[in-house]
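Engineer: Keeping their order, the protein sequence lines are chains A and B. For the first sequence, the residue numbers in this note's numbering are 150 to 512. For the second sequence, the residue numbers in this note's numbering are 14 to 124.
Treat the hints loosely; a few may be bogus.
Said to hold, decoys possible - Cut-off 25 Å, straight-line C-alpha distance, at most; resulting in silico cross-link-like pairs (DSS-like, lysine-lysine):
id, chain 1, residue 1, chain 2, residue 2
1, B, Lys21, A, Lys364
2, A, Lys379, B, Lys21
3, A, Lys379, A, Lys364
No lab work stands behind these hints: they were computed from the structure.
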Amino acid sequence: MSYDAHDDHHDHPSAWGPHDWEKNGAPHNSWAPLIMSLGVGVFLFSFAATFVMNATRNGFDYDAGSLPMTIVGLAIVFAGLVVWWRQDYSFDGTYEPKATGVPFQNIDMRKVGMWIFLWSEMMIFSSLFTTYIRYRLGIESCTSILANDNITSAGIPFSPGEACWLPASYFIAGSHSESWTLTLGSIGLPDTLVPGAINTFALIVSSFTVVMALKTAHRTDLDHIERSRKVRNYLLATMALATLFLTLKIVEWFIGFNIGPFYAPSLMDDGFTIHNEAYALHGEGHTILEGINLRLSASTFFVTTGTHGVHVFGGIVGLAYMSWKAHNGGYGPSNAVSIEYFGLYWHFVDLVWVLVFPAFYLY
Amino acid sequence: MSHTLFGKDVYNLNFAMLMIFTAIEVGAVAAAVQELISNEMVIFILVSIGVVKFLGIACVFMHLRMEADSNILTLTALFPVAFIILMVIFIGLTSPNSPDALPDWCRPPGY
Chain A
150 MSYDAHDDHH
160 DHPSAWGPHD
170 WEKNGAPHNS
180 WAPLIMSLGV
190 GVFLFSFAAT
200 FVMNATRNGF
210 DYDAGSLPMT
220 IVGLAIVFAG
230 LVVWWRQDYS
240 FDGTYEPKAT
250 GVPFQNIDMR
260 KVGMWIFLWS
270 EMMIFSSLFT
280 TYIRYRLGIE
290 SCTSILANDN
300 ITSAGIPFSP
310 GEACWLPASY
320 FIAGSHSESW
330 TLTLGSIGLP
340 DTLVPGAINT
350 FALIVSSFTV
360 VMALKTAHRT
370 DLDHIERSRK
380 VRNYLLATMA
390 LATLFLTLKI
400 VEWFIGFNIG
410 PFYAPSLMDD
420 GFTIHNEAYA
430 LHGEGHTILE
440 GINLRLSAST
450 FFVTTGTHGV
460 HVFGGIVGLA
470 YMSWKAHNGG
480 YGPSNAVSIE
490 YFGLYWHFVD
500 LVWVLVFPAF
510 YLY
Chain B
14 MSHTLFGKDV
24 YNLNFAMLMI
34 FTAIEVGAVA
44 AAVQELISNE
54 MVIFILVSIG
64 VVKFLGIACV
74 FMHLRMEADS
84 NILTLTALFP
94 VAFIILMVIF
104 IGLTSPNSPD
114 ALPDWCRPPG
124 Y
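Pulled out of the complex, with its shape left as it was, chain B reads as follows:
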């Protein structure tokens, strides 16, 4: 249960990292609203920080690293991830007509 990084408890470090990065996210958006930084820069900051926070929670708090069974659990998680990637690529990113090209049976009356 006890793990250290640079001589510090890794859970405490992860917690501090998450708090600081969240503050940066909020600050970046506040700056963008007042047009101090561009929208593209905000997207870059949010995506980059989101990935780091995601990994911090999954790897440290959820023990997908540092434990004896971490590798097998991480590898098995790739099974649903494969479906997720398919879904995001083939529906989320590459079907431009999907929002307004649903068949009639898939729409509420009047749409």
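Okay, chain A solo, but in the shape it has when bound:
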């Protein structure tokens, strides 16, 4: 039965799922996007109100009154996901709708939708990178001021509480690091850079495991059970690597580590926080630049890498569902494109990290 042969004047697929593709053909309606948009809106408004800068501006207070609505927002998002998954679960690729509008004729509608979504994502991350470039080029470097005996390029003595730019890489990949466990000849890797370096490799490997899941789902030389098992394993491997990424991110931001010869304090322990207005930068000898306002440097770093981290978390949620579907034999050559379209999102997350890592961690 072709997609065109479906008579949607008589069949009315449920907008709530589950969906009977054989009987009803492709669904033309779903409440899932509206429900999830509503949930994300409620969550973001409430979550933002949970953190309130305190009167002395040296930290945050927590407004517990916003917590219930934050949880309600998350619950609405989850309900939207359930509706989406109920509709998708039985999809076997029989009725893959094609786009008809210029210039996307005959391209899978879901593929076009994913690319349009990714283009909007490009705009989000571009605005964050533009902010970074502007601040990085427009604010004088703290290390330059320190090297110039605390005199700014305008010839004015640096005043405590002023902002100058101290990049996250100073704490992560600079000589500031106290421990250099991994060395090769005269070249060493600061321990503080280890989580970021591992994360970079983890994301690249995870991009490859998604590709392998897709290639395996296309294979016709395997029986259905064996193919499903392999696809599930590749998706689970991707999810494990993504979880490793977020775990190391939490370690890097909040916890730090002290394992055997490896020692790296967290960024928070180092004082690289969005409310630190009195950081003391130590130079060679007894030189010191006191009272640095780190708010802009830290905010730019945490907002950009945090936004990326949220995308990784979104990928983990999607991978959890897809692994479950694969475990139940839900993917084969006829609907392997579902993995491909998720892969587009996942490769995009990797793509952003390719830019974030050198810009924020290395330089």
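Fit chain B to the supplied structure of chain A, relying on the hints for placement.
Structural biologist: Just chain B now, with coordinates in the frame of chain A:
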């Protein structure tokens, strides 16, 4: 789905390229921290490798090359890219006062 380059699977080659170039990036920064190479050299290495890795992921893993619909998807992607270029040039690179010349309504109290 199956594509080859020099008789090898192009996805495997791309994966190997990404791993090697990432190792070079990390090594370059480690060398710079110990002042074995200059900062300018590090920037050059990071930007060059970043561009190659970006293209490797976009063209191979995201199929913006080698597929029947690659050209139209690539061309359409230029639409947001036009805005991005405008944003980077006119805000990121050419508004030196933007960090400290925001109007009052755009600043938190006390700034």
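Engineer: Each hint needs a verdict: does it hold in this structure or not?
Structural biologist: Hints, verified against the model:
| no. | hint | result |
| --- | --- | --- |
| 1 | B:Lys21 <-> A:Lys364 | 15 Å, holds |
| 2 | A:Lys379 <-> B:Lys21 | 22 Å, holds |
| 3 | A:Lys379 <-> A:Lys364 | 10 Å, holds |
Checked against the numbered hints given earlier, this structure breaks none of them.
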